[in-house]
Amino acid sequence: MTNTATRLFFAVVALQMAGLVVFAAVKQYAVATGTEVILQGAPVDPRSLMQGDYAILDYEIAVVPEDMKTEFAVGDDVIVVLIKKDEVWEAIRYLNDDRVPKGNGEVFVRGRMQSNGRIDFGIGTYFVPEGTGWEIERAQDLKIRVSVNDDGDATVTGVIVDGEDFSP
Amino acid sequence: MDERESGAPVSDTTKFAMRMRGEIEVWRAEGLISSELAETLANRYQTTEVHRRAFGLSRFSSIIAIFGTVLVGLGVIGLVAVNWDGLSGFAKMGLLIGFTTASYIVGWSLAYRFEFPRTGIAIILLGAILFGASIHLIAQSFNVEVNHPNLVIAWFVGVIPLAYITRSKAVLVLSMILLLSGLGFRSQEWTTTGFDDGAILFWGLIAYMLVGGALFAIGRLHARLTEYQHFARVYEIWGFVIAGIATYILGSMFLWSELEYSDFPTLTLEYWATIAFSVAVSGVVTYVGYRWDATDTVVSARWRWEVSGVLAIFGIALLTLVGLFASVSWFWLPFNAVIIAAVVAMVNAGIRFNRNYLVNIAFVLFSITVISRYFEIGIELGLLHQAMAYIVAGVLLIAMGLGLERVRRRIIGDIRNRSTVS
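As you go down the protein sequences, you meet chains X and P in turn.
Count along the first sequence starting at 1, add 39, and that's the number in the working numbering.
Count along the second sequence starting at 1, add 11, and that's the number in the working numbering.
It is possible that part of the hints are untrue.
[What the hints assert, rightly or not] Estimated spans, in silico, between C-beta atoms of each pair:
#1 Phe49(X) x Phe336(P): 45 to 55 Å
#2 Ala287(P) x Ala64(X): 30 to 40 Å
#3 Ala287(P) x Phe49(X): 28 to 38 Å
#4 Val93(P) x Glu75(X): 22 to 32 Å
#5 Thr72(X) x Leu106(P): 45 to 55 Å
#6 Ala337(P) x Arg177(X): 49 to 59 Å
#7 Ala102(P) x Thr45(X): 25 to 35 Å
#8 Tyr368(P) x Glu110(X): 26 to 36 Å
#9 Glu110(X) x Phe336(P): 47 to 57 Å
Hints are computed from structural coordinates only; laboratory data are not their basis.
All residues carry an ideal CB built from backbone N, CA and C; glycine is no exception.
Throw the hints in and build the complete structure from the sequences for me.
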């Protein structure tokens, strides 16, 4: 291998590692600086070959009210404005423009309208250690801890199963 | 993995000599050359037992090392999937990134410092697999959506440069697997109407076929590059395999009889960009190939078969489009005719241009198609139609074989007559 090829090889390896670190750092920054909200959810329990067992999370706020459904086409960005009521954050407005100013104590989360009439927020997956997914699947009440940054991008940080933080 | 990677020049020569001796045996058996001449030629392409053993061991060690790499890689991916909670997410990430870096350094050192190129490249391949495992571990730790469309594509983007720097076919094969599965994940973004609409499968297959055509064209360009000639076959095979699988799926009777295609699905800009990019790459690469060969009439024959390959794949994509708009239940038939024509063409090209892999792909494609269609036709049309269809198709192929054998006998007769006259 020539010197140039050697330099290129290690440059690519360094870029790969930098990419991994940046990927982790960006996600961690979003979690660390975001506002934590708790959402009401419902689970299913399958397995991924690459990442193992996970729970599919569904959200009450993913359903657009009937009278507003015509305002969003499939594939449109949907901005859901949340406000805290008791422990859980609930949707109070569904918008298609994130430039609308937020009210006091409000947080907005961004999603995309799906063909099944629900909004996908990119937070439909919660990975669990092998063989523990049934605890979430059998939950009577499931709430999800979500960190939402200023752009409305959300990351799942934990789940609350029947009133207790999930810790298998 | 290619013998070029070993840095041992003896293996190419030995491989050629071994193939040549095989050919000489065939010529003698067909009466094209005398036994004396066969012996003289065979002596000219003599290979020593030491060379043969060295060549065999070299390939064997390479294959064993790659098997080991795949097992370790799958084991690590399995460990990631367990999602063991005994270590924090950051500790797991640190460990895996550390192992990935270590694999690259150890692999590079073995390959280029201590002259164990085959094991070294296999360990670099392990690093490339661990890189993907790391991506998925980070995604798991932050609960990024399962089957996220960008994860595998990011893996591909990270690995493909290594294939070119190390000139490793094994790393290139991994890159091809990642590209195609990554495109599969990206296809979630090709439509906004979801996958419930059956027609989206057809549009997806059209895009895949055009990507296959582009890969084939890229492969043929590699055939002209001395340093990357050994990559050509990998691209060609993937191009043909994609087109073959798509055609096989489209040849299914059930597919055309059970779906309604009246609705035009909403296809995104990304879908059309994939189509446009594949067509543009095929066009540009084929044009470069044409300019490359422009002054040499012998290689322009090569260019013609390359263009035929690309156009054949694009033609099947066009046929799919026609079928989609025609929306008739019998449209599975043309695709099976295409498969039979492709099998015959591949066997012919494989024998003519000494490309065994084409013959092997043709046999696999033929066997899978015949067996699966046997059951499909039987279920859908009844056993009588099935029996008649197979008898007619079989008689046609036997007749074709007889015709080809007559042509072959005439050619050999002509050669014998010419040698007698001279």
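Assessment of proposed distance window 45 to 55 Å (beta carbons of Thr72(X), Leu106(P)): 26 Å, violated
Does the Cβ distance between Ala337(P) and Arg177(X) fall inside 49 to 59 Å? 51 Å, holds
For Phe49(X) and Phe336(P), compare the CB-CB distance with the range 45 to 55 Å and indicate the outcome. This hint holds: roughly 52 Å between Cβ atoms.
Range hint 30 to 40 Å (beta carbons of Ala287(P) and Ala64(X)) holds or violated: 35 Å, holds
Consistency of beta-carbon spacing, Phe49(X) to Ala287(P), with hint 28 to 38 Å: 35 Å Cβ-Cβ, so the 28 to 38 Å window holds.
Tyr368(P) versus Glu110(X) beta-carbon gap, inside 26 to 36 Å or not: Once the Cβ atoms are compared, 56 Å apart, the range 26 to 36 Å for Glu110(X) and Tyr368(P) is violated.
Assessment of proposed distance window 47 to 57 Å (beta carbons of Glu110(X), Phe336(P)): With a Cβ separation near 33 Å, Glu110(X) and Phe336(P) fall outside 47 to 57 Å, so the hint is violated.
Is 22 to 32 Å respected by the C-beta to C-beta distance linking Val93(P) and Glu75(X)? Holds, at about 28 Å.
Given a hint of 25 to 35 Å, does the C-beta separation of Ala102(P) and Thr45(X) actually sit inside it? For Ala102(P) and Thr45(X) the Cβ distance comes to about 31 Å; the hint holds.
Figure legend: structure checked against the earlier numbered hints; hints not met, in rising order: 5, 8 and 9.
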